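Chains as they are written, first to last, in this note's numbering: chain A, 1 to 291; chain B, 292 to 948.
There may be inaccurate statements among the hints.
[Claimed, not checked] Calculated cross-link-like contacts (lysine-lysine; reagent style DSS-like; alpha-carbon spacing at most 25 Å):
| no. | chain 1 | residue 1 | chain 2 | residue 2 |
| --- | --- | --- | --- | --- |
| 1 | B | Lys588 | B | Lys534 |
| 2 | A | Lys120 | A | Lys207 |
| 3 | A | Lys252 | B | Lys324 |
| 4 | A | Lys252 | B | Lys347 |
| 5 | A | Lys271 | A | Lys14 |
| 6 | A | Lys136 | A | Lys200 |
| 7 | B | Lys810 | B | Lys777 |
| 8 | A | Lys162 | A | Lys16 |
| 9 | B | Lys762 | B | Lys777 |
| 10 | A | Lys120 | A | Lys133 |
| 11 | B | Lys853 | B | Lys810 |
| 12 | A | Lys252 | A | Lys238 |
| 13 | A | Lys251 | B | Lys655 |
| 14 | B | Lys853 | B | Lys881 |
| 15 | A | Lys251 | B | Lys324 |
| 16 | A | Lys162 | B | Lys324 |
| 17 | A | Lys238 | B | Lys881 |
| 18 | B | Lys809 | B | Lys534 |
| 19 | B | Lys750 | A | Lys238 |
| 20 | A | Lys177 | A | Lys120 |
| 21 | A | Lys177 | A | Lys16 |
By construction, these hints were calculated from the structure, which means they are not laboratory data.
If you're wondering where the values come from, they're calculated on a predicted model, not measured in any experiment.
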Amino acid sequence: MQLDELIDFNAAAKLKGFSFTLNAPVKGYRTGVHKSFLKGASPDFFEYQEYTPGDELKHLDWRVYGRLDKLYIKKFEDEVNLTWCVLIDRSGSMGYASGSVSKLRFAIRLSATLAYLLTKQGDAVALGDFSQKEVKIAAPKTSTSNLITALENLRTVRAEGKTGFKQPILRTLESIKRDSAYVIVSDFFTELESLEETVKILRSSRKEVFAFHVLDPYEISFPFEDTIEFEDLEDGVKITVDAASIRSIYKKNVEEFIERLKLIFQENGVKYVLCLTNQPIEELLIQIASR
Amino acid sequence: MNLSLINPFFLVGLLSIALPVIAHLISRKGGLKRRFSAVQFLVSSEVQATRRSKLKDIVLLALRALTVALLVMVFTKPALYTFSAVGAASPRSAAIVLDNSYSMGYGDNFERAKRLATEYVKSLPDGSFAIAVPLVPSGEQRPGAFADKSAVTGDLQDIGLSYSFTDNAMRIEHIYNFLKTAPNEEKEVVLFTDMQKNGWKSAKFSRSWFRAIDVAPESGPHNLAVTATRITETEENTTVLTKVFNYSSEPVGKLLITLSLPDKLIRTHIDVPPGIEAQSKFNLPPGALQQEGAPAKVEITNDELRIDDTRHFVISATKEPEILIVDGDIREDTRLSESFYLSSALETITAVAPGNITTVDNEKFPDVNLDRYDAIFLANLGSLGPEEAGELFEFIGSGGTLSVFLGDRVRSTYYNTVMKDILPAELGLPEEGAFTLAPGEPDELSSYLGSSVTNVDVKKLFSLRPAENAKVLLIASNSFPFLVHKKIGRGTVFLFGSTADIAWNDFPLSTYFLPTIKKIINTSIVNKHQGRDFTVGESVEVEFRGDADTATVEDPNGEEFKVDIERPQFSRTFTPGIYTVSTKGGREYKFAVNIDTAESNLEKISLDAQGAQSRDEKLGLVKVLREIWPYFLWAVLFMLVTESIMAAYLSYRTSFR
């Protein structure tokens, strides 16, 4: 398998020096870039704490004892690794492509590149795809070889089924109980009430969520002319319209949809990134990266 | 102003209007199909957008179809045309004569004549004067010609069809004389007519100031007319005889004839060969027509000229005719008298009662009151004064039938002088020889007698030179007419070139004598019936019954006219139908007025005789065309620009709304 078909190495190279971190501390079991709730193992000093019986003696700071004549234990801020659940929407609507790249292929490439970068920084990545009633996600791994296996599975993914979030997310929460961040790559063409409910569930589970909203440029600009019969990719609904005459109304509807989506994510502390399939991947990923 | 197409076959191109329609339907039905991910955003706005889309489609479709239609019209080269008078460059005074004789009622000839006449008036140069005149006079004539064209065209529209006809040449001369008082040096009389032959005495009426414009279609007119009805009552039955003339060149089969009596309708069918007067008899039980004086009519299926499809009559029982024989050479042996053979023949005729035959000699004749007789026979009358001749003329004019037999007492020069207005032929000298007879001009009698009449031997007969309107029924082998007849007023005169006895011929002994006398009596009976049957325009003498000295005549339109006993002539018989005469205290009676069917023969007079041009150009008119296709071309360009602007505008509106 040619990895560069799935991973945008150029984008990854441009993002060298950037890391993907969370605002809240996490519990990890290996050293990573994330701040850990478990203090002491890290060489970075965090604070002093008065000794109490039972504390390990090796953490006593003897220099402080010599100056203050009191026993203090040195506390260290430990940096641990994190588990990322990268979920790719593979519903029927993700199969749309105005050009050569469908939204699903773009979402996979974006996710694969992100997963690659996350693995590089030492995080465990669980890469999967989902539709309304189904989710396939591999166990989180930190090694690149495991990532390649996960990517191999994505290669054969086809866009089908309806868009839905609640069931797949709940199943993922059950299967991966580690402290984890969720990256959802989707067009979010679903009921926004249901989506908001799902987001609230994730947030109440203390999960950090990133939303990559993938759209085809034609879905924004609707540049069609003449009378066209449009068939929905998910439910097969057909509608015949004069494209030119409906364009303005369509664009207004899409803008409203995006605004509502942004509002929902903003209210729930979700990082939102609008992705057009003709945009460079590094421009999108950098929006959630930091130096 | 009329619209004409120079290349009308290009109208086929109008079918191309279907192209934008088909393109529209294809684009709507079998248009593009796309699979799309965000259909949910289309659904909410589809209804409004579709409505806008349909409006846009319809507007653009209409514009495109109109553009194609206009483009086709460019190729057909539309042109407006008017008829303009030939050489009508200088102002003139014109009499626009509209033929309103009833033959113009055929199809839409009369309306077409009005339309063409109106165009003609409009085409007259400024400064011209014109007057609209009906060919058959009706009502009062305008006092002069008018420069106001709208007044003249208004007068044209007011002219109505008459139920009669006139002497066209005389009328046109009269109109021209009237026109002489009008301004402008150049004068012309323009007749818009169907060129029907009746009304023209001569086919060569040609005047420099006269033009006739033929308004009738080219195809030969097809017309049938009811020409006569007659009721005959015998002991066996009552017969209503109807005559129908087929004036076309095509036979008519199973023509429906309807007899409308006061209490019943009777229908029958007859076949009418072309150019023939066919007869149909309605046989009724004896005494079936008891409603003396009641109106009735006979109708045939309507054709293009309806006015002559109906004939009205008043039921009138036949009165036994009163007959007078004036014998100029009464002998003691009655068998040698001229009157012997006549009275013998008359007595055998059923319709004649023996007591109704009166014989007088030459001397008593001046004392006889002729009014009570229906038929008079003059046999070898040697002496006849001018006064008696005058009475005979009145007798004939009022429907009487006069038969004149000649003989050795007759002096031709005297007869020619005294009875000049009565006799159907001028008398010459008698000639002796051995002659036979032969049928003369086609007639009911001559046809009946047939060629077998040659058995009759004639030893002596006068030379007769028939008058203009006379008809020779029998002719001798020396080419002398033997029997000539002529109608005068409502009456008829028969003139025999020989004697009523066997002195000069054996005709009275032949089997042909009785039918001939019967024909004469029938003619008198028919004439008697005509006492209640008049022709349009004929003057009717009103009978005043009881002590009344005024009478009221109600015409078929319900209009009433007063008639005074001192002037009993009623002349307003302009409308065919039943007229009712009522007098104060007296019983009312009716009479029928019918059209003169001479006008029913729609045969045309030769256009060449009128100095006419071809009909396409119309006589005296030329077609002036003004091509207007460039306007259509401009309209096409305008429509193309409009279509582009509308398409852009509608797209703009829908895109940025």
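Hints, one by one, checked against the model:
{"no.": "1", "hint": "Lys588(B) <-> Lys534(B)", "result": "holds (13 Å)"}
{"no.": "2", "hint": "Lys120(A) <-> Lys207(A)", "result": "holds (22 Å)"}
{"no.": "3", "hint": "Lys252(A) <-> Lys324(B)", "result": "holds (23 Å)"}
{"no.": "4", "hint": "Lys252(A) <-> Lys347(B)", "result": "holds (21 Å)"}
{"no.": "5", "hint": "Lys271(A) <-> Lys14(A)", "result": "holds (21 Å)"}
{"no.": "6", "hint": "Lys136(A) <-> Lys200(A)", "result": "holds (22 Å)"}
{"no.": "7", "hint": "Lys810(B) <-> Lys777(B)", "result": "holds (14 Å)"}
{"no.": "8", "hint": "Lys162(A) <-> Lys16(A)", "result": "violated (37 Å)"}
{"no.": "9", "hint": "Lys762(B) <-> Lys777(B)", "result": "holds (6 Å)"}
{"no.": "10", "hint": "Lys120(A) <-> Lys133(A)", "result": "violated (32 Å)"}
{"no.": "11", "hint": "Lys853(B) <-> Lys810(B)", "result": "violated (39 Å)"}
{"no.": "12", "hint": "Lys252(A) <-> Lys238(A)", "result": "holds (21 Å)"}
{"no.": "13", "hint": "Lys251(A) <-> Lys655(B)", "result": "violated (126 Å)"}
{"no.": "14", "hint": "Lys853(B) <-> Lys881(B)", "result": "holds (15 Å)"}
{"no.": "15", "hint": "Lys251(A) <-> Lys324(B)", "result": "holds (20 Å)"}
{"no.": "16", "hint": "Lys162(A) <-> Lys324(B)", "result": "holds (21 Å)"}
{"no.": "17", "hint": "Lys238(A) <-> Lys881(B)", "result": "violated (86 Å)"}
{"no.": "18", "hint": "Lys809(B) <-> Lys534(B)", "result": "holds (20 Å)"}
{"no.": "19", "hint": "Lys750(B) <-> Lys238(A)", "result": "violated (115 Å)"}
{"no.": "20", "hint": "Lys177(A) <-> Lys120(A)", "result": "holds (22 Å)"}
{"no.": "21", "hint": "Lys177(A) <-> Lys16(A)", "result": "violated (30 Å)"}
When the structure is compared with the earlier hints, violations turn up for hints 8, 10, 11, 13, 17, 19, 21 and for no others.
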